[in-house]
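**Q** Residue numbers (numbering that gives the first Met the number 0), protein chains in the order written: chain A, 0 to 303; chain B, 0 to 303; chain C, 0 to 315; chain D, 0 to 315.
If you are wondering where the hints come from, they were derived from the structure by calculation, not from laboratory data.
Check before you lean on any hint, since a few could be wrong.
To be verified - Once the Cα atoms are required to be at most 16 Å apart in a straight line, the calculated EDC-like pairs of lysine to aspartate or glutamate come out as:
1) A:Lys170 x D:Asp1
2) C:Lys97 x D:Glu46
3) C:Lys309 x D:Asp278
4) D:Lys285 x B:Glu57
5) B:Lys127 x D:Glu288
6) C:Lys311 x D:Asp187
7) D:Lys97 x C:Glu288
8) A:Lys129 x C:Glu288
9) B:Lys170 x C:Asp23
10) B:Lys170 x C:Glu231
11) B:Lys166 x C:Glu46
12) A:Lys199 x B:Asp220
13) A:Lys170 x D:Glu265
14) D:Lys22 x A:Glu225
15) B:Lys199 x A:Glu225
16) D:Lys311 x C:Asp174
17) D:Lys33 x B:Asp284
18) C:Lys285 x A:Glu57
19) D:Lys310 x C:Glu265
20) A:Lys199 x B:Glu57
21) A:Lys166 x D:Glu39
22) B:Lys129 x D:Glu265
23) B:Lys262 x A:Glu57
24) C:Lys149 x C:Asp278
25) C:Lys33 x A:Asp168
26) C:Lys22 x B:Asp168
27) B:Lys199 x C:Asp23
28) A:Lys199 x D:Glu46
29) A:Lys166 x D:Glu46
Stated by the list, open to error - Here chain A is said to cover these stretches of chain D; the calculated rule only asks that three of the stretch's residues, wherever they fall, bring their Cβ under 8 Å from a Cβ of chain A:
30) 88 to 99
31) 205 to 212
Every residue, glycine too, gets a C-beta built ideally from N, C-alpha and C.
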Amino acid sequence: MGKVLSPYKAKPKHEISVNYFNEGDEFILLFMEKAEKVKFLKEKAKVIRRHIVKMLGEAGSGHPGGSLSAADIVAVLYFDVMNIRPDDPHWPERDRFVLSKGHAAPVLYAALAERGYFDVSELSTLRKFKSRLQGHPDMKKLPGVEMSTGSLGQGLSVANGMALAAKIDNKKFRVYVLIGDGEIQEGQIWEAAMAAAHYKLDNVTAFLDYNGLQIDGCTKDVMCIEPVADKWIAFGWNVIEIDGNDIEQVLNAIEDAKKVSGKPTMIIAKTIKGKGVSYMENNPDWHGKAPKAEEVEKALEELL
Amino acid sequence: MGKVLSPYKAKPKHEISVNYFNEGDEFILLFMEKAEKVKFLKEKAKVIRRHIVKMLGEAGSGHPGGSLSAADIVAVLYFDVMNIRPDDPHWPERDRFVLSKGHAAPVLYAALAERGYFDVSELSTLRKFKSRLQGHPDMKKLPGVEMSTGSLGQGLSVANGMALAAKIDNKKFRVYVLIGDGEIQEGQIWEAAMAAAHYKLDNVTAFLDYNGLQIDGCTKDVMCIEPVADKWIAFGWNVIEIDGNDIEQVLNAIEDAKKVSGKPTMIIAKTIKGKGVSYMENNPDWHGKAPKAEEVEKALEELL
Amino acid sequence: MDKKIATREAYGKVLVEIGETNKDVVVLDADLSKSTKTYEFSCKFPERFFNMGVAEANMIATAAGLATAGKVPFCSTFAVFATGRAFDQIRNSVAYPKLNVKIAATHAGVTVGEDGGSHQSIEDIALIRALPGFTVFVPADAIETREAIKAALEINGPVYIRLGKLAVPVIHDSDFKFVPGKALELRDGSDVAIIATGLMVSLALEAADILLKDNIKATVLDVHTIKPLDVETIVSVAIKTGAVVTAEEHNVIGGLGSAVAEALCEHNPVPLKRIGIQDVFGESGKPVELLKHFGLTAEDIVNAVYEVLKKKSKNM
Amino acid sequence: MDKKIATREAYGKVLVEIGETNKDVVVLDADLSKSTKTYEFSCKFPERFFNMGVAEANMIATAAGLATAGKVPFCSTFAVFATGRAFDQIRNSVAYPKLNVKIAATHAGVTVGEDGGSHQSIEDIALIRALPGFTVFVPADAIETREAIKAALEINGPVYIRLGKLAVPVIHDSDFKFVPGKALELRDGSDVAIIATGLMVSLALEAADILLKDNIKATVLDVHTIKPLDVETIVSVAIKTGAVVTAEEHNVIGGLGSAVAEALCEHNPVPLKRIGIQDVFGESGKPVELLKHFGLTAEDIVNAVYEVLKKKSKNM
Ligand SMILES: Cc1ncc(C[n+]2csc(CCOP(=O)(O)OP(=O)(O)O)c2C)c(N)n1
Ligand SMILES: Cc1ncc(C[n+]2csc(CCOP(=O)(O)OP(=O)(O)O)c2C)c(N)n1
Ligand SMILES: [Mg+2]
Ligand SMILES: [Mg+2]
């Protein structure tokens with residue numbers, strides 16, 4: 000993972016931000032014990048969730064369910080796994096993260112802000128006129144966003160393109176991509192799945208945010224995607240199944256994915272849509288609706 | 000398969016056409032022994048192949064390889080399996096055939112002409128200005144063509160739509176669809192595959208013309224589709240693997256498909272691209288090139 | 000003009016009505032039935048409703064198959080995906096074989112609001128208008144939507160209906176007569192013609208009111224049918240007024256403005272100013288903020304009128 | 000004008016050249032490399048060539064990913080699939096983020112010939128022109144193609160290059176100067192302006208010759224860049240001549256004719272006649288038969304000139 004210039008030092012600073020020491024090349028939880036790291040990442044995921052709820056409350060519209068379900072994965076990527084430089088967002092050697100399910104923008108924005116790409120105060124501009132935090136991620140507006148997304152089904156292809164570029168240039172960066180389980184109903188996902196296997200893109204690690212819900216209800220009822228693991232295996236992928244709301248399992252799966260050569264890896268991450276906010280959990284109504292002020296309060300209490 | 004009004008009586012009439020008795024509802028090889036039927040269908044497939052070669056020679060452009068590989072499947076469908084009325088091409092109860100790989104138009108045109116939808120003499124107008132036999136099938140121009148195709152990857156969706164209509168109306172007709180193996184690289188195929196399983200379209204029988212070649216070479220090299228059976232199984236289909244140039248296997252597979260309820264069936268039909276014409280067989284160069292006069296002669300000799 | 004209803008709401012209602020009277024009507028959606036308002040139909044006629052999941056291309060081509068068997072499918076999703084994600088399917092499986100498929104796309108234009116540019120279709124009219132044989136309706140209000148959907152049902156062929164997310168003023172009486180392909184003259188005036196479509200029609204009426212204070216009499220045309228275009232009426236008001244402003248919630252490239260420019264140039268060239276999105280992508284914001292930002296207000300229309308009037312006087 | 004070369008052939012050649020000098024150039028194709036002529040590049044630079052199989056949508060979005068990492072992808076397939084099958088990918092993954100992706104689409108227009116209507120793109124210009132930020136090149140011959148591809152490489156952003164299957168006359172000298180966005184005046188005449196693009200440019204020149212026999216002096220503009228349109232030059236020739244004919248191998252809806260109508264109406268309205276496909280789908284036949292059938296010959300341009308001249312005289 001490259002050179003490490005600085006050890007991580009956890010210095011809680013204000014209500015929801017965890018400060019970190021990051022004077023150079025990268026950010027890594029090097030001197031932590033695994034247990035300590037997991038604890039830290041759990042805390043980060045919670046902080047991200049708090050941001051999500053607050054942002055959406057402030058915005059008055061947006062997608063809480065699919066943002067919350069992915070918070071643990073995104074926390075692990077941005078606070079442990081990815082080799083990135085918030086102060087040099089276009090650093091060519093950086094690892095990439097593509098949020099294919101672009102409607103979960105809040106989880107990405109929260110992670111970027113917490114990681115130091117911009118000030119957390121800017122999170123309150125979500126979805127507002129002239130904000131860099133567009134309703135769906137816009138790479139032209141916000142540094143740290145690797146790809147503009149929002150139209151579902153396109154991010155895996157884009158990730159493949161990035162990974163091909165790495166192969167051509169013999170670069171070591173890895174590409175992570177988060178896909179929704181409703182999203183895999185898009186045929187382009189399977190075009191990209193086939194191509195990633197064909198081109199042996201072992202530098203691609205995909206996560207399926209396997210929360211069982213899409214807008215119109217359960218994926219099972221709307222358009223059944225089962226048996227989902229079999230599909231990815233049949234498309235030539237290394238498949239790992241985990242609980243995607245379990246930080247340790249996410250960490251381990253990513254490590255395992257790195258060891259596989261000649262194949263891309265799909266981490267099927269069973270998650271709970273709305274995870275962390277009791278009244279949102281597993282409720283399709285919270286796919287694309289913002290919480291009201293009282294609801295925000297209630298959620299934040301639960302996320303303490 | 001409905002009422003049978005008339006027995007089949009084979010009366011060879013002219014060089015390449017086999018005449019048949021068809022005074023009413025449908026056409027069926029009812030009083031034939033299986034072996035006799037297979038022999039008859041083999042002959043029909045050969046006749047279709049002869050038409051293909053001659054048409055393309057006459058047209059000066061077109062797609063021989065993928066037309067020849069599918070001739071046996073198409074012969075079985077049009078001369079035994081399908082419940083159709085050439086004199087009433089829009090009969091609502093008819094079985095449907097969608098040629099999703101529309102570039103194989105010649106095999107469809109040959110079958111339609113042989114089956115009595117129009118005079119075989121019209122085959123010589125293929126691809127010519129103002130012909131009903133367009134370069135790719137045009138349902139608005141030629142009765143018997145169930146769907147205009149040519150843009151790959153769309154026919155399975157269309158077949159599903161027909162099958163859904165049958166289900167709504169409680170009609171018994173079945174829908175057959177022929178797909179290329181390069182064609183399944185189109186994501187829309189997998190959207191349709193998922194939907195056919197979701198809606199339990201057991202009245203859909205698809206054939207994969209598994210000839211291993213596409214335009215730029217072997218599917219293996221261009222964009223590998225393996226393991227192909229696993230993919231269809233993972234997408235919820237009943238899968239049957241056969242030699243698609245073996246009439247008897249085609250017949251049996253279709254019968255087996257009819258017995259399956261609650262699932263669509265994919266018949267993975269291993270074929271030889273260019274089948275029947277030695278110099279075309281397994282040669283990707285003959286995907287989209289018409290034979291010259293001498294080549295037509297040579298091919299017709301081989302197809303006696 | 001007090002009451003405001005989104006055209007998608009009107010669509011949802013009339014869909015249930017026509018579903019009742021015409022058993023061949025089937026509805027397909029791509030995981031957005033609550034937003035596109037096909038949800039009510041899905042509850043009433045579950046056996047004729049097909050949720051295709053997030054798979055727009057498959058939805059359109061499946062509809063084509065249904066149409067070959069005598070069904071009249073209405074397909075709905077957001078306009079940006081309905082047209083762009085399934086364009087080749089619309090082209091080759093619907094328009095080319097002239098199949099009886101209706102595409103009722105909601106969330107057109109920048110009034111989608113906060114979702115931002117990826118979700119704001121500014122090019123759907125351009126896309127569908129380029130396809131031979133398509134009828135393109137862009138209703139201005141709830142009542143026009145009702146009529147457009149019923150008219151679509153009568154047409155045996157492909158129809159695109161462009162609908163919005165935002166609640167917009169009801170400008171028509173319920174007994175108003177909708178004739179497909181015929182532009183509606185809502186105001187008669189000899190100084191300038193404002194030719195509008197969709198939610199810009201009510202803003203065109205506002206603009207006409209403002210202009211009247213300055214004693215400028217504007218003809219206002221409501222072009223609910225972009226294709227086939229009512230060239231005759233458009234040319235006649237151009238002849239009458241000698242100056243035209245078009246107004247649409249769409250890129251000025253490819254939509255109503257282009258269609259009118261084509262008609263004028265071929266039949267009676269007069270100065271034209273096109274109000275619309277000036278060839279940029281949308282962004283997040285409140286619908287009203289965005290209408291203002293993109294120059295889609297009554298004031299923008301008024302200013303455009305003054306511009307064309309200046310050119311007209313020079314021409315004379 | 001004796002030598003005939005298809006623009007796709009010229010594309011294949013220049014691709015190898017730029018691949019030699021610019022190591023960031025990568026090429027993607029969708030199982031048509033021998034038809035699109037990317038085949039030679041694939042042999043020379045196999046490590047920078049990616050055959051994506053029959054999967055146009057994935058091809059475009061993969062190219063977008065490559066572009067984010069500094070590569071300059073050229074994507075090729077037939078125009079009908081390059082634009083229509085991947086429209087949403089072009090829109091949301093290329094145009095919206097303004098990525099440096101080039102789409103060099105071959106087999107545009109009815110001169111595809113025998114393959115028929117499903118393969119003859121008559122709407123690709125309309126589609127891409129409706130997208131903010133896209134540059135659209137429609138080269139008239141082999142030499143212009145060379146220059147357009149080299150120009151595309153210099154532009155940091157999305158570029159669409161429309162190429163043909165048919166061999167067409169070489170009209171330019173090899174030292175001719177291609178300036179993106181600048182229409183080329185090939186003939187100067189004060190009676191009428193013929194504004195053409197793609198293979199219609201050489202037919203416009205033929206038409207001008209025919210007209211000269213009748214002592215009608217035509218300006219001929221070669222609009223190799225449809226977007227951004229050279230409004231200045233177009234308006235100036237409209238002012239000079241007072242009558243315009245456009246000629247394109249594309250639907251008259253949405254392409255060059257619409258673009259010119261927009262420019263004229265907004266700046267200097269004059270009579271216009273649009274030569275092009277009259278809003279119908281193509282069909283099978285020999286390219287010359289089809290050009291004739293669809294009204295795309297020098298004679299058709301000549302007749303259109305007489306029509307606009309009649310209107311012009313009425314106007315004066
Ligand atoms: C191409 C496209 N079609 C439709 C939509 C509208 N849409 C947004 S989210 C969504 C459901 C996605 O479900 P899933 O992928 O399971 O997301 P999650 O449950 O993780 O929120 C849909 C249909 C879209 N954004 N893009
Ligand atoms: C959407 C689309 N993309 C590309 C093409 C061009 N094309 C025609 S045939 C073909 C190869 C098809 O291969 P396969 O499906 O294996 O057909 P077969 O071998 O049976 O001829 C391609 C790419 C097309 N017709 N449609
Ligand atoms: Mg989900
Ligand atoms: Mg094949």
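**Q** Return the numbers of the hints above that this structure violates; sort them in rising order.
**A** Hints 1, 2, 3, 6, 7, 10, 13, 14, 16, 20, 21, 22, 23, 24, 25, 27, 31 contradicted; others consistent.
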